[in-house]
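Colleague: In case you want the letters, here they are:
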Amino acid sequence: MKLNKMSLHRKRSMLGFFFIGPWLIGIIFFYMSPLIQSIKFSFSKMQIQSEGYSLLPVGLENFRTALFVDATFNRIITSSVWEMILSVPMILFFSLFSATLLNQKFRGRTLSRAIFFLPVILASNAIASAEQSGLISLIGSATYVEEMQGATSSYNVTSIVYMLLDIGIPLSFADYIVTAILQIYNIITSSGVQILIFLAALQSVPSSMYEVAKMEGATSYESFWKITFPMVSPLILTNIIYTIIDSFSGSPITNLIYSTAFETQNYGLSAAMSWIYTLVVTIFLAIVGVVLAKRIHYN
Amino acid sequence: MSKENTDERYYRNQRILQKVFDLLYVAFRSLLITGISFIILYPILQKIAVAFKDKVDIYNPTIYMVPVNFTWENITLAMGILDYFPMLGKTLVFVIVTTLCTVASCALAGYGFARFNFPGNGILFGLVIITILVPTTTLMLPYYLHFKNFDVFGIIEMFTGKSGVNLLNSYWPSVITSATAIGLKAGLFIYIFRQFFKGLPKEIEEASLIDGAGGIQTFFRIMLPNAIPPIITVVLFCFVWQYNDTFYTTLFMNGMELMSLKVATLPSQANQFIPTLMGYSASSAFKADQNHVAMIIDTGILLAILPLLALYLVVQRYFVESIERSGIVG
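Quick note, the sequences are listed as chains A and B, same order.
Taking the numbering used here, I'd label the letters of the first sequence as residues 598 to 896.
Taking the numbering used here, I'd label the letters of the second sequence as residues 47 to 376.
Honestly, the hints are just simulated from the structure, not real lab data.
Predicted, not measured: the structure shown is a model, and the values here were computed from it.
Check before you lean on any hint, since a few could be wrong.
To be verified - Simulated pairs of lysine-lysine, DSBU-like, Cα-Cα distance not exceeding 30 Å: (1) A:Lys891 <-> B:Lys65; (2) B:Lys65 <-> A:Lys811; (3) B:Lys194 <-> A:Lys637.
Use the sequences and the hints to build the structure in full.
Modeller: Structure, rendered in structure tokens:
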């Protein structure tokens with residue numbers, strides 16, 4: 598018997614392949630091959646024929662079109678990435694803040710936790726698009742609805758801006774805070790999972806640490822920055838990555854890629870666009886990873 | 047005045063000050079939590095209010111939230127447009143099947159990556175991370191073509207002479223991708239399982255191996271029963287995300303009756319069908335009142351999230367606990 602001659606180590610590693618088997622099949626046939634195909638598409642012009650399609654290699658033409666010819670792509674990708682850069686800190690701050698709140702002991706904690714995680718199950722593109730087109734049909738103008746969503750709140754912010762400027766906060770930062778206030782609904786509804794992750798991290802901090810800190814006379818402010826924050830810092834990177842991949846679905850850039858492929862039937866251009874987007878996101882993630890890697894405390 | 051007296055007074059003052067601060071903090075915290083909860087709940091409360099509101103009340107400016115004239119009409123109309131119960135049944139079948147496939151394949155893969163030192167373990171796990179990070183839009187088009195002419199190694203072409211099978215507008219594309227752990231956010235689920243299995247003590251497995259159980263038996267009889275927390279987490283997330291997903295459903299199953307698709311197209315459907323459902327013939331000039339249409343849309347959205355809300359009410363306790371124990375925190 599050949600099987601018996603295999604060393605235990607060999608056997609174990611074969612068993613490992615058995616366990617990852619389904620995934621291995623999936624990654625080869627349903628991930629790597631579409632991935633390679635997609636790269637091929639981005640370098641060629643695709644023509645749909647009655648039986649299948651034909652590819653005409655055009656080199657970097659599609660990338661050139663996306664970046665220099667297409668009227669909207671540059672604008673949309675900049676605004677998408679910019680929005681991502683702005684919203685990630687807001688969501689992180691809010692979710693850490695909420696997790697700290699929900700980790701304290703008070704009456705009605707279970708209920709408020711249940712409410713805070715509700716956005717996890719309600720965050721749906723289908724509902725969002727239904728609400729938007731419902732609004733369009735109600736008001737009768739798509740551009741007006743878009744403008745309305747730009748300024749979701751009718752709350753007057755000028756007083757806050759003046760107040761912040763009086764305290765001595767620079768204008769750009771005051772602007773950022775005001776944006777955060779106006780987008781509070783979006784921030785709250787997109788930070789459900791992040792709160793969950795931070796809360797789980799907070800629960801894993803041993804309470805003896807806080808007891809020692811209290812005995813040594815640390816205030817709760819100090820013990821937050823000296824104990825809580827370092828202990829949950831590894832999860833900050835996880836949450837940033839989660840926030841970013843969460844923003845993939847339903848962002849304007851995704852819609853543009855979709856409509857380029859299936860409405861204007863320019864498949865090559867669509868593939869090129871999505872690769873540019875992937876590249877930008879990867880670079881962004883790499884920068885975040887490098888910056889955070891040195892500052893994170895691993896225990 | 048003696049020194050003890052001043053000391054006592056000082057401490058008493060301090061204690062009172064502390065109490066006041068504590069009270070202020072509690073008040074502030076309650077206010078904050080109530081406020082945020084209100085922001086989250088407001089759209090749902092509003093939709094519930096709208097669902098029972100009669101048409102008569104639309105133009106009554108004195109009404110805030112709670113309607114004066116209650117009616118079931120909105121719900122009946124929205125159910126009629128959505129074809130609610132048959133569609134909900136189909137959606138649930140679809141979501142449950144894909145969820146089960148995803149959990150099974152991701153648990154296997156997570157265990158494989160956590161416990162076996164086969165060659166290339168690190169590189170292959172790197173691929174898992176790549177599947178998490180690359181936006182799915184990149185693969186949209188090849189996916190579409192792939193499942194339009196579905197064929198593995200040209201086997202089907204060999205037997206039937208046709209170039210592949212068209213699997214679009216069926217459950218198969220989603221079932222296949224989820225059974226092979228490539229579907230919706232599967233990378234994340236593999237990651238969760240791997241982190242959890244890595245955290246379990248190795249001794250459990252070794253004991254079962256020494257007692258004569260094979261590797262597969264060990265997994266099913268020892269490891270899986272221990273892995274309840276991550277299984278609950280993954281089942282919940284997978285269920286909810288599949289239910290709400292529009293990306294894969296618009297790509298693969300555009301013509302099928304699924305909740306997320308139906309809800310997304312609800313506004314246009316509502317405009318079209320409300321006159322018919324209200325008893326006017328399709329050719330008549332009657333046009334539905336836009337405010338009424340908006341009410342029906344809100345009711346439809348409420349009906350769509352109702353199953354999720356019901357599920358959430360039952361399982362939300364496990365939700366938090368299982369996430370704490372499932373080792374995302376690692």
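Colleague: If a hint holds in the structure, say so; if it does not, say that too.
Modeller: A quick look at each hint next to the structure:
Taking the CA atoms of lysine 891 of chain A and lysine 65 of chain B, the gap is about 41 Å. The hint is violated against a cut of 30 Å. Simply put, lysine 65 of chain B and lysine 811 of chain A have alpha-carbon atoms about 18 Å apart, close enough for the 30 Å limit, and the pair holds. With a C-alpha separation of about 18 Å, the suggested pair lysine 194 of chain B and lysine 637 of chain A falls inside the 30 Å cut-off, and the hint holds.
Hint check: a violation occurs at hint 1 only; the rest are consistent with the structure.
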